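*Asks:* Those protein sequences? They're chains A and B, same order as listed. Just so you know, the first sequence maps onto residues -12 to 518 in our numbering. Just so you know, the second sequence maps onto residues -12 to 518 in our numbering.
Hints were generated in silico from the structure; no laboratory data involved.
Given that identical chains are not distinguished, each listed pair holds provided it fits within a single copy or across any two copies.
No farther apart than 25 Å at their CA atoms in a straight line, the calculated lysine to aspartate or glutamate pairs in the DMTMM-like style are these:
1) K332 / E225
2) K468 / D512
3) K229 / E329
4) K229 / D336
5) K229 / E343
6) K339 / E280
Note that the coordinates shown come from a computational prediction; the quantities given were computed from them, not determined experimentally.
Number of protein chains: 2
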Amino acid sequence: MVENKPAEGAEKQDSKKAAKKEAKKAEKAAKKAEHKGTNLQSQASNVEEADVSVGKYGQLPLIRSDTKAIQRTFTYVKDLNKTIAGNVVWVRARLHAVRARGKQCFIVLREKEFTVQVLTNVSETISKQMVKFASNIPKESIVDIEAKVATVGSPIASCTQQDVELISTQIWIVSASANQLPLQIEDASRPEKADDEDGLNIRVNQDTRLDNRVLDLRTPTNQAIFRLEAGVCHLFREILTKKGFVEIHTPKIIPAASEGGANVFTVSYFKGSAYLAQSPQLYKQMAIAADFEKVFTVGAVFRAEDSNTHRHLTEFVGLDLEMAFRYHYHEVMMTIGDLFTEIFKGLRDQYKREIEIVGQQFSVEPFSFLEPPLVLQYPDARKMLAEAGVEVGEEEDLSTPAEKLLGRLVKAKYDTDYYILDKYPLAIRPFYTMPDPNDPIASNSYDMFMRGEEILSGAQRIHDADLLTERAKHHGIDISKIAAYIDAFKYGCAPHAGGGIGMERVVMLYLGLDNIRKTSMFPRDPKRVAP
Amino acid sequence: MVENKPAEGAEKQDSKKAAKKEAKKAEKAAKKAEHKGTNLQSQASNVEEADVSVGKYGQLPLIRSDTKAIQRTFTYVKDLNKTIAGNVVWVRARLHAVRARGKQCFIVLREKEFTVQVLTNVSETISKQMVKFASNIPKESIVDIEAKVATVGSPIASCTQQDVELISTQIWIVSASANQLPLQIEDASRPEKADDEDGLNIRVNQDTRLDNRVLDLRTPTNQAIFRLEAGVCHLFREILTKKGFVEIHTPKIIPAASEGGANVFTVSYFKGSAYLAQSPQLYKQMAIAADFEKVFTVGAVFRAEDSNTHRHLTEFVGLDLEMAFRYHYHEVMMTIGDLFTEIFKGLRDQYKREIEIVGQQFSVEPFSFLEPPLVLQYPDARKMLAEAGVEVGEEEDLSTPAEKLLGRLVKAKYDTDYYILDKYPLAIRPFYTMPDPNDPIASNSYDMFMRGEEILSGAQRIHDADLLTERAKHHGIDISKIAAYIDAFKYGCAPHAGGGIGMERVVMLYLGLDNIRKTSMFPRDPKRVAP
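All chains, full assembly: derive it from the sequences and hints.
*Replies:* Listed below in structure tokens is the structure:
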């Protein structure tokens, strides 16, 4: 039943006038009416005689968990289909679109990415007032609708539920939206493809989306992106847990800027100051020195880098792992390679629907990968680039354009969007990277790429305090500031390697999206800390 | 094979003199020797004739992933048992303890919480030099040992592997520890029980442990605590994922101190400043307003509170969830209640061994819980306390001692260490808490307790912008500062409720530990930001 005494809070919140005007009008008519047959009859005499739908529509009082709460089973929009045709169901969903035509009102209800058409027809039991009420409900309002499931003659092309429509018998507003929306879900959902014939249609720019993220996230594409992102984390953890890894949690507030002090955010910490961790590096390694053998951690990573690009965030989610090995860091590198293969398979098999939904809005070439993954050597990559006319010095890092070109060359030659680039020059890697024992120019380090962009950086770490000290000095690092780090290796430590993955980049590149802000729910960059 | 050319880095790192003196001496004798039978013979003439064990022991060069890396299968200490008696195995583990007796050397090897005895006897094939070398290896060094698995006459009480010992044939130091340890693993592992007869034995205080966390974490208890902690997170996520929740990631850097500005850390953010999130509250709710329906997030939470207690940290891991409901917040409250029941069952069933290990060091009464969980009403709790002589005003919060007393009263009456306390007074809850529709003093909010300490705080949230504005004003909050939060509810939002769980508290209280620093791998408090 509907609560017939509007709650205190509900009475006090009537300033949303524009949005609720029609609803209130209808509510007035329907006020005090109970759905219970007995009450309905006795109270019907108090209201306008012409309205045969009294008690069948209106604005519900604010749901405040009254002890007399309604008991009712709801059906999800996604479950509305032919098999339940003829049934009467309750649906709670958003009013996605509404259109009145004479004595009829067509509503499209949306629940996540699923939509269904609702028909409200003036009839012996449905009043003109009720149809008018329905026609005036603001888009994006949440409504409870009682309706009969009916099959349709021809498929409803504009809805995901094409075989059925709902014939409504009750319509209640649960939560009204403001009439003016800062962006239209329809615009935010429109395909953005190069060859799109509707190219002149209105689209929503990135900042408008992010400023109104609560609306923007309601699009089918965003629902799909963030479910798939949850899948990436889930797969990362499940696969590693099965391999014997232990999840750890590392502090974000740290005493010193471990990697030289650049690009680090400062935090006021009681009477002193501290920093935000740029990576869980030290702590993962301490967990190895503390015999956890194989560890991973998922958490926020901070970079105070003034980079305003499509792929940099000042705060992102790091999927980090570290693993003791026996004799060769390739034991770890290939564990990570296999991890990616399994993640890609998991996404392909378990998130097919999400990938399709995103593909409907953005042109995406399906992600290709090899099993086992391709491993390229840095000198060979330099050769491939040189043959394509781009010279990279033997102790030089790859520029972003060179990485992208290499990605295209690798794709053309090996047909894979994912590969491992092994044996980076020592000179361009952090001080804690293990030098190659056979080649003074090289190091035991690797990056991994998706569609030509780096998504993981990793290496064998120096597990010996003396060599670590020497290398830090070589890099001009003040040893006293990293004493705690060096000390971690004084009491015996297994050789180990690992890597850090940028979660948002993996999702962006797997789906072939053009901006990392599309895969961070509430992105942070040098110009944005809100909402 | 052992690499016979010491790596560059290994040669340069010889300052760890005290620790490596004996090792070096032995290495000198064994230098250039290869295990390969052929090489061994040809080079044996170069070294002391008396040493029949040349090439069977020494300090390995630093493992730098030489391309000629050794291929060898290792056996975990935990897998050493009677069924493989007679086998020759390789083990990589820490030297936990060592004792020389005449021509014998007894080593206890430790790998995680597992230990095994190794015997090295002077014989036709084992030299005096090799036994001396073994006797002088610093504790906590990591060694590779080749040995025959042998059954023993009577169980070895001091080791976890009691039925077998290892008869060593090769002993190599992989990573030497400094001779002087800032704490002894034995001391850090000693039982701390009230009725302990060895009460006068040396224990290690909390600060020494935390200052040397890499060593402290090697104790069996700490290995068990952090594996169980990983289990809490795993169970939390798995149970919720099965219930249809989606994992999200919320920003830690936020533009405004949402809950009034107290206890918040400030971050320098490029040319401006920002804050560290005290909870993912706003973002979880935005995800609900964005139709994700049920969400959870696991991540760092920051509190700039100058509380130096056994249960406060300035940075901890929040296990947060938020869920849309139909008509009553108890739909959510009981989902959380069931979640805890399932977590407790999962820990009891899957982490039996870890619970036992912790119980060997600390007296722990097993954790008891009811299914379904006990739900107490706030007024009833006040009555119980009043009967026990403690008066709590009807709009007053429970003090920490009152909470603990209530925990004991509940335990005595209902035999449960976990319960839900529902319907807190409105006056003591945050502004976004939904007021009770029937009782002006009460609110739709709850806390949950383990062993009399709060581990979750939650409520139905106000999902209406107007009522939210009114309540914020009532709390004296500057509306302009929370505009983004209020705006999230302007475009229709389902009624919802949720809660935030302190992960470290759950582990501390489940195991009955006395300090939250025992369940945070690298704890942060007002006096500690290191290591």
